[in-house]
Structure formats: structure tokens, C-alpha cells
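Protein chains: 2
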Amino acid sequence: MEPTNQQPFELTPFELTKEYLEKIQTAINQQENDLIIAEMEELYPADITNILYELEGEEAHYLVRLLDKKLGAEIITNLDADDRKKFLKNFTAMEIAEYVDVLDSDDAVDILNEQPKDISEDIIGLLKDREQARFVNDLMHYDEDSAGGLMQKELIKINIKQSITECIEEIRRQAEDVENVSSVYVVDDESILLGRVSLKKIILAKRGARVADIYDENIVSVKTTAKGEEVADVMQKYDLEAVPVVNIQGRLLGRITIDDVVDFITESAQEDVQAMTGISEDVEEDDSVWRLVRSRLPWLLGGMVGSFFAARLIHNFEDLLSKIPAVAFFIPLIGSTGGNVGVQSSSIIVQSLADKSGIDISLSERLLKVLKVAFFNAIIAGIFAFFGSLIVDSANVQLSITVSLSIFSVVLLASFMGTLTPLVLNKFDINPAIASGPFITTTNDLLGYGVYLLIVYLLM
Amino acid sequence: MEPTNQQPFELTPFELTKEYLEKIQTAINQQENDLIIAEMEELYPADITNILYELEGEEAHYLVRLLDKKLGAEIITNLDADDRKKFLKNFTAMEIAEYVDVLDSDDAVDILNEQPKDISEDIIGLLKDREQARFVNDLMHYDEDSAGGLMQKELIKINIKQSITECIEEIRRQAEDVENVSSVYVVDDESILLGRVSLKKIILAKRGARVADIYDENIVSVKTTAKGEEVADVMQKYDLEAVPVVNIQGRLLGRITIDDVVDFITESAQEDVQAMTGISEDVEEDDSVWRLVRSRLPWLLGGMVGSFFAARLIHNFEDLLSKIPAVAFFIPLIGSTGGNVGVQSSSIIVQSLADKSGIDISLSERLLKVLKVAFFNAIIAGIFAFFGSLIVDSANVQLSITVSLSIFSVVLLASFMGTLTPLVLNKFDINPAIASGPFITTTNDLLGYGVYLLIVYLLM
Chain A
1 MEPTNQQPFE LTPFELTKEY LEKIQTAINQ QENDLIIAEM EELYPADITN
51 ILYELEGEEA HYLVRLLDKK LGAEIITNLD ADDRKKFLKN FTAMEIAEYV
101 DVLDSDDAVD ILNEQPKDIS EDIIGLLKDR EQARFVNDLM HYDEDSAGGL
151 MQKELIKINI KQSITECIEE IRRQAEDVEN VSSVYVVDDE SILLGRVSLK
201 KIILAKRGAR VADIYDENIV SVKTTAKGEE VADVMQKYDL EAVPVVNIQG
251 RLLGRITIDD VVDFITESAQ EDVQAMTGIS EDVEEDDSVW RLVRSRLPWL
301 LGGMVGSFFA ARLIHNFEDL LSKIPAVAFF IPLIGSTGGN VGVQSSSIIV
351 QSLADKSGID ISLSERLLKV LKVAFFNAII AGIFAFFGSL IVDSANVQLS
401 ITVSLSIFSV VLLASFMGTL TPLVLNKFDI NPAIASGPFI TTTNDLLGYG
451 VYLLIVYLLM
Chain B
1 MEPTNQQPFE LTPFELTKEY LEKIQTAINQ QENDLIIAEM EELYPADITN
51 ILYELEGEEA HYLVRLLDKK LGAEIITNLD ADDRKKFLKN FTAMEIAEYV
101 DVLDSDDAVD ILNEQPKDIS EDIIGLLKDR EQARFVNDLM HYDEDSAGGL
151 MQKELIKINI KQSITECIEE IRRQAEDVEN VSSVYVVDDE SILLGRVSLK
201 KIILAKRGAR VADIYDENIV SVKTTAKGEE VADVMQKYDL EAVPVVNIQG
251 RLLGRITIDD VVDFITESAQ EDVQAMTGIS EDVEEDDSVW RLVRSRLPWL
301 LGGMVGSFFA ARLIHNFEDL LSKIPAVAFF IPLIGSTGGN VGVQSSSIIV
351 QSLADKSGID ISLSERLLKV LKVAFFNAII AGIFAFFGSL IVDSANVQLS
401 ITVSLSIFSV VLLASFMGTL TPLVLNKFDI NPAIASGPFI TTTNDLLGYG
451 VYLLIVYLLM
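Going down the list, the protein sequences come from chains A and B.
FYI, in UniProt numbering the residues of the first sequence are 1 to 460.
FYI, in UniProt numbering the residues of the second sequence are 1 to 460.
Everything labelled a hint here was simulated from the structure, so no lab data went into it.
Take the hints with a grain of salt, since some may be wrong.
One copy or two, either will do: identical chains are not told apart, so a pair holds if it fits within one copy or between any two.
With a Cα cut of at most 25 angstroms, we get these calculated BS3-like pairs of lysine-lysine [to be verified]:
1. K323 x K117
2. K89 x K157
3. K18 x K427
4. K323 x K427
5. K23 x K237
6. K372 x K427
7. K427 x K223
8. K369 x K161
9. K157 x K201
10. K161 x K372
11. K237 x K86
12. K117 x K23
13. K161 x K85
14. K85 x K70
15. K237 x K201
16. K157 x K206
17. K223 x K70
18. K85 x K69
19. K117 x K18
20. K86 x K369
21. K227 x K427
22. K369 x K128
23. K323 x K372
24. K227 x K201
25. K237 x K18
26. K372 x K18
27. K70 x K237
28. K86 x K427
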């Protein structure tokens, strides 16, 4: 590589424009291979991936096949799982095997797991790199969301008995396949993980030094069976760029790098938001109209069913309503206050369940505190409701008292339900974020209407 | 350091128990310094931070002051901003300066920015490390959420004219303060960033090699003015462990490491969830009862104000209600369906605004697509509402037609509002996630009731 002082230095990230995309599409359709290759050489792999999202399946296949295998493999890895599955339908098993051959083993396994079982077996059979085939076979046994499923087999390990000179030799041997290294792992003869040495230390080490003299034995590792969330928590808590994965005996099996965990964190945050907003599939704005329609229907109709129950409940008080129609004025107040309080309460618990630092609070302590908070909020909201409803309908003090009492009860009840629901869901290993979603909110609403109408019935 | 084959190897992360905490508290109160130091030596800094959260201010101060400065500094850095501010109230400016002296410059600036201006100036004046004082003064000019505010000044840079041997010398000189290095940055005589060399390459380079021969000129950098979100996006997209920060001339000023960005990503996800759930301060379950009460009141009472408007609106139709009380049965259906649809629509837009890959969709294309999706959902929900309301109140086909038409209109309207609101908020640089929050939901509800009662009034 030549010094490039004279070349302009690209600082701003590439932005995909319609004009650029059309240029590439035209080049593909007219098979102007040199032009395409020259253009793609200017881009980072992640930018080429973004172009793929905008191309037709056959166009995308043509483009990727023009490129170097390693580059193609990286581009394919960057695709979202769903899109990749669709995209690879245009590829033969032989073509896919060429990419799987050069990928990091964790990315290779992701691709294989997305394929039907017979095709993925074909691909493994077609792999030229027999070490990769062995890696992949090993990794496919682990649950996708466990540390074993997230790890890659590529890492540099050195024996504690070696000298620094031998160690550098070892790095030279192992380094070709391993990217993003800042440390090498130190193991004993049985491959038991003992610690790590940073590359910085190796560079700065004295000539005659031995690994045993300079290695750092403070090392955090995770077991293959650890859940993805646990790995993410550990890496965040200890600010790790990579974490070694060991089996139950402590034998070093692989490592998980931070970039895979960042993706994991982002995905789980998105899942929580989707659970909270009642969208049932992992959809994006540019999905098909029908897919978008379908993803919303379950909770949309589910919520409506809840409201029919509410309607049925209010139906029972028809006589009361025809006598005092003003009762109906405050139905929205009851419903939305209950809903808001429930969502607020559950979101605090969800957040606190996700945060594992500190001492676990016992259920009774937790509920006691929630009830205290709820009690004060309920009193303030109740007083507010009294005066607010008086302004809306000044003729009816008795109704204002009723509304005020109902709001007091609804805030208490919704806080309690909003706290308990995510805790119960969590016990059963269900994502507690759905407690802030429409189904539970609707249930809370129903309870609220019941309380309101009952108090109206008793008092008026 | 000695080889430690014989020592048990700690695989599982530390868990804080009540018993352990009591032991530490007793030791602090009885000033058993040796015991405390011995116990803390067994732990990682992040675990000691977790203990601090559970101690009283004076206890925590005592504990940290016993420890080595570097360790103490790391523990303090791990604290949440709010807690750190409270925690450091027990420290003198001189004590704080001792920690600021040994911190990475980005972490040092965080701490200084949390202090009142006069105290932070005192601290800077008390710093022993004059280079650090200069770093900190430089960094304090940048906006906290910009790349300049996130970056640290500590990095290793080498001149492109150097040889690998000189480069290793340079690393030796610069490396003491710089942790987590996997690359060094290559610059020209004017400190203009030209590229990078991985430590792996340096280790593997031939003796006589020059930096210019082996460096990698493909390097992504960000400008000091880039927003935190942009930095996070770039690092995620290109899978970077660290990104160099340059000024407008391309001069290398600092670097941002992935761990700071992971924290940034997690925080923004939490902010979004809080915006969506209507909790107005950054509270956690273990905050004081009063703080928890206060954080919920704004949206709780704000939502109630919205419902009073709804009550006032329904009030106008009192005569209608006393004639046909069944109209009241479906008020919850209208409100909650409008709310659910609005939240679903806005969350899809919020997600799509956050995801910057691909071609930007024009506003008209976007709205057209939303309207298509809304139209199908509205038809299905409308038909569902017709039959549902018929089951609730079979005597009243005319009312069922009215409810069905209203639901059709409400779904259309709420989809439209739910799409437009986050787009408008985003234009004005307000977090679009609040569009899924209670205030906007309440506004949607109001619109829904208006449409419903108007249709009832016109048709019945």
C-alpha cells in the first residue's frame, strides 16, 4: 500500500441516493462489470449491504457474485436475518458454501441455521475448509440465543509455558483468520482458560520474557450455556470488548465480540418496544402493506374484544345511565387514567428486572413501596379529579365525589396490577415488557370501569 | 505475576448478597481497613461500584478512600451520573482532583461537568497532571452529547514517516495511559489522520518495515460536531471498536471507544421507553417514594386534563345520551382502539427514523403507504366492530352501523396522526418517541370521541 497524502480523505459516511442506485442498476442490467467493481471498491461492505436492500433478488445476486469472496461474505453477513434468507434463495448451495468457507464461524452458523436442514447439510458437505466445517458442526449444537450460539471459534490462544518469542510465532500462525484482536488467551495443556495477555503487553515485553510472567489472570468468562442477555450484561458491566466462552470444566471454546452483543442489545430493546406497542411481528416501514396490516391486527382486534367486554359491563348499568347520563362523561377519564398508571408502573418494574446490579428486593418490600407511591399518587389524582369533574359538570357535586373516589381506587388498583403483571410474566419466562402492551392495558381498563360503575351504583 | 494453575478460577460473576453487604458495613464502621482492602481485592471494580449503591454516603466515602487511586477512579466512573453527583458531595475538591488526575479524559470531563462551575474550576486547578488539565480544558468546550463530548484524548498516534521499530518505541512512550488498544492511528506532520495499523500487523511486521508500507488507509472517522446517535450508528454499522474523532481539517483530536457508545445506546433506548410510558424523570425502582410519585404526576395529571376535555365534549351530547344510553357502551371501544392504533403507527415511524440505512422515503410516499395500511386495518376493524357491537347489544342494528363507521374513521385518523406526529416532532428535534406517550394518545382519544359522537348525532 502506498502513502496516500495526495488523495482526498473520505471523512463523511456514504449516503445512498436514488441517482447512485439507478446508476448501479443500469450497470448491472448492462453487465458493465468493470464499472460495478470499481464503484464497489470505493465503498465499505456495510454500504454495499445497504445497496442490496434496494435491489431485486437477481440484481443483488449478480452484484455480489462479481465481488471478491471475502467481501461478498461480509456483505451477506451484514444483512438482516429475514432479508438474508430471501436473498440467498437466488444462490446455489455451492455458491453459499464459498461464502460460508471464509466467514467467522459464528456468522457462518447464523446463515446455516436460516437454511432448511437439507440445504444446510449440503452446504456443510461442500465446504473446502475442513476446520471451518468442524467449527460449524460444533457450534450448531448450541441454542441460538446462548453464549454457545453467539460465540465464534476463531481466537488466538497460547500456552502458559511459552516464551514471548514463541507466542509471537503462534500469533503469526493463528492470526490469519482472526480479526479484531487486542488480546490473546492463555491456557494450560488441557486448554483450560487461565488468563489473557494484551497485544500491547506483548509488543512492550522484554525479549526473554515468558507468557507466565506477563499474563493477566483477572479475566471474566462466560459458560456456553449463559443466556444472551447475561452475556450482554457481563460485557457492559465490565466494559469488555470480547469475552471468552468456556465449558463447564473451564476449557476455552470460543469468544464473543462486542459487535455481536451490541446487535443483541439493540434487538432486545426493539423487541421490548414492539411488545409495548402491540406490534406482533418484527416489521419495518418498508415491509409490504399486507405484512404491516397483518402485524397490527392481533392486538388491534384483541384490544377491541376487551372493549366489547367493557361495553357489556356498561350495558348492565343502562338504567342508571338513562337516569344520570352524566356518568358517561367520565368513562374516558377512568379508562385512560387506569391505562396510564398501569403502563407507568409496569415500565418501572420492567426496567428494574432488566437491571441486575444491586441486591434483589423481596416481593413484599417491592409491593409495599409500590403501594406507598400509588397511595400518594391516588390521593393527588383523586383530589384533582374532584375539582376537574366539578368544572366539567358543576351541577353535580355528588357525581364529583364518586368520580374522585373511583379515580383514587383505579390508581391504586392499576399500580398494583401494573407491578404484579410483569413480575408474574417474568416468573414464567415471558418478556415482561408485554405488560405495558395493549392487552394488559385493556384488562386494566375493564377493572377500572367495573370499579367506577360499582361506586356510582353504591353511592348514587 | 505467578502462574496460578493451583488457584480456583473464578468463572461466575460476583453476586451481592445482604450478608456480604452487612459484613462490609460492619468492617467499615469498625474501621477494619485490612479486612476491607482484602475483600475488595477479590472483586472487579464494577462489583465494588454495585456495593457503593447500597452504602450510606459516608460509608461509601470511607471505603473508596481506602483503595488505590486508580481503582477508586474506575469505581467512581462506573456510577450513574445522578448517583455520582450525590456520592461526590462527601469528597473535597482535592480528593476529587486525585481521581480526575488518573481517569481517561472523557470520564474526567463527565465528572467535572456534573460539579458546580466553581468546584470544577477548583478541581482543574488542583490537578497534578498538567497534560490531563489541558485535555480536560479542551474537552469541556464540546457539547456533552456530541462526538467531541464523548471522545477521550488518550490514543496512540504515529507519524507515517516512521519505521516499525520507531513505532514500537512510540507505543512504549504513549502506551502507559492508553488502555484497550487494538490499533494505532497514522497521521502526517500536521496531525491529519491518514489511517491506522492494527497491533496484530505491527507484531507480524518484518523488522525493516515502515509504517507507510503496512498501514490501512480505509478508516472511518467522525467529526467533533457529530451527534452521539450518529456516532453510535456509524460504529454499529461498520462494527468498530473505536472510532477516531477529527476536526473540520481532518486533524486527529481523540477517539471514542465502543463501551461508551454501548452505554449511550442503552441510555437512549431507556429514554425512549420512558417517553413512551409517560415517566418524566430518569427514575429507578429504588429511588425515594416521593421522587417516584413526582416523576409520574405530570403525565398522570396531564392525561386527566385531556380526559376532562373528553368529558366536556360528551357533556354536549347529554340529551342524546339520556335518549340512547347505549351510545355510552362503546365509548371505551372508540377510545382504546384509537389509542392502540396511534401507538402502533407512531412506533413504526419512530423505529424507521432511528434506522438511517437505505434511501430516505419522501413524505408523500410515506403517507400514501400508511394510508393504504390504515385503510385495510380500518375496514377489518370496522367489520369486526359491527358484529362485536351487535353481540353486545343485539337490539340496535343502527347503533352497530354507527359504531362500525366510527371505528373505520377512528382507525384511519389515528393512523394518520400517529404517523404525522413523530415526523413533526423529529423535524423540531424533539424525541419522536414521546408521540407514543400518554399526551398524544390522549389527544387521539379526544379526536376519536368527537368523530364517534358526531356520527351518532348525524345518523341517529
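Structure-based check of each hint:
In the homo-oligomer, the alpha carbons of K323 and K117 never lie at most 25 angstroms apart, since the shortest distance is 67 angstroms inside one protomer and 65 angstroms across protomers. Neither within a single protomer nor between protomers do K89 and K157 lie at most 25 angstroms apart by alpha-carbon distance, with minima of 37 angstroms and 46 angstroms respectively. Taking identical chains as interchangeable, the C-alpha atoms of K18 and K427 lie at most 25 angstroms apart only when they sit on different chains, with a minimum of 22 angstroms there against 49 angstroms within one chain. Within a single copy, K323 and K427 get their C-alpha atoms no closer than 47 angstroms, and across copies no closer than 49 angstroms, so neither meets the 25 angstroms cut-off.
Only between protomers do K23 and K237 lie at most 25 angstroms apart by alpha-carbon distance; the minimum there is 24 angstroms, versus 46 angstroms within a single protomer. Proximity of K372 and K427 under a CA criterion of 25 angstroms is satisfied intra-copy only: 24 angstroms inside one chain copy versus 40 angstroms between copies. Proximity of K427 and K223 under a CA criterion of 25 angstroms is satisfied intra-copy only: 22 angstroms inside one chain copy versus 46 angstroms between copies. Taking CA atoms no more than 25 angstroms apart as the test, K369 paired with K161 passes in neither setting, with 56 angstroms inside one copy and 65 angstroms between copies.
Taking the shortest Cα distances, K157 and K201 sit within 25 angstroms of each other both inside one copy (15 angstroms) and across copies (17 angstroms). Taking the shortest alpha-carbon separations for K161 and K372, neither the intra-copy value of 61 angstroms nor the inter-copy value of 68 angstroms comes in at or below 25 angstroms. Taking CA atoms no more than 25 angstroms apart as the test, K237 paired with K86 passes between copies only; the shortest distance there is 21 angstroms, against 37 angstroms inside one copy. For the identical chains of this complex, K117 and K23 are neighbours neither inside a copy (38 angstroms) nor across copies (55 angstroms), given an alpha-carbon limit of 25 angstroms.
In this assembly of identical chains, the alpha carbons of K161 and K85 never lie at most 25 angstroms apart, being 46 angstroms within a copy and 47 angstroms across copies at closest. Proximity of K85 and K70 under a CA criterion of 25 angstroms is satisfied intra-copy only: 19 angstroms inside one chain copy versus 49 angstroms between copies. Within a single copy, K237 and K201 get their C-alpha atoms as close as 24 angstroms, which meets the 25 angstroms cut-off; across copies the closest is 30 angstroms, which misses it. For the identical chains of this complex, K157 and K206 are neighbours both inside a copy (20 angstroms) and across copies (22 angstroms), given an alpha-carbon limit of 25 angstroms.
Taking the shortest alpha-carbon separations for K223 and K70, neither the intra-copy value of 30 angstroms nor the inter-copy value of 30 angstroms comes in at or below 25 angstroms. Taking CA atoms no more than 25 angstroms apart as the test, K85 paired with K69 passes inside one copy only; the shortest distance there is 18 angstroms, against 52 angstroms between copies. For the identical chains of this complex, K117 and K18 are neighbours neither inside a copy (38 angstroms) nor across copies (49 angstroms), given an alpha-carbon limit of 25 angstroms. Within a single copy, K86 and K369 get their C-alpha atoms only as close as 50 angstroms, which misses the 25 angstroms cut-off; across copies the closest is 22 angstroms, which meets it.
For the homomeric pair K227 and K427, the shortest alpha-carbon distance inside one copy (16 angstroms) is at most 25 angstroms, but the shortest distance between copies (39 angstroms) is not. In the homo-oligomer, the alpha carbons of K369 and K128 never lie at most 25 angstroms apart, since the shortest distance is 61 angstroms inside one protomer and 46 angstroms across protomers. In this assembly of identical chains, the alpha carbons of K323 and K372 never lie at most 25 angstroms apart, being 38 angstroms within a copy and 43 angstroms across copies at closest. With identical chains, the CA atoms of K227 and K201 are never at most 25 angstroms apart, being 32 angstroms at best within one copy and 34 angstroms at best between copies.
For the identical chains of this complex, K237 and K18 are inter-copy neighbours only, at 20 angstroms across copies versus 42 angstroms inside a copy, given an alpha-carbon limit of 25 angstroms. Within a single copy, K372 and K18 get their C-alpha atoms only as close as 57 angstroms, which misses the 25 angstroms cut-off; across copies the closest is 24 angstroms, which meets it. For the homomeric pair K70 and K237, the shortest alpha-carbon distance between copies (18 angstroms) is at most 25 angstroms, but the shortest distance inside one copy (33 angstroms) is not. Neither within a single protomer nor between protomers do K86 and K427 lie at most 25 angstroms apart by alpha-carbon distance, with minima of 36 angstroms and 34 angstroms respectively.
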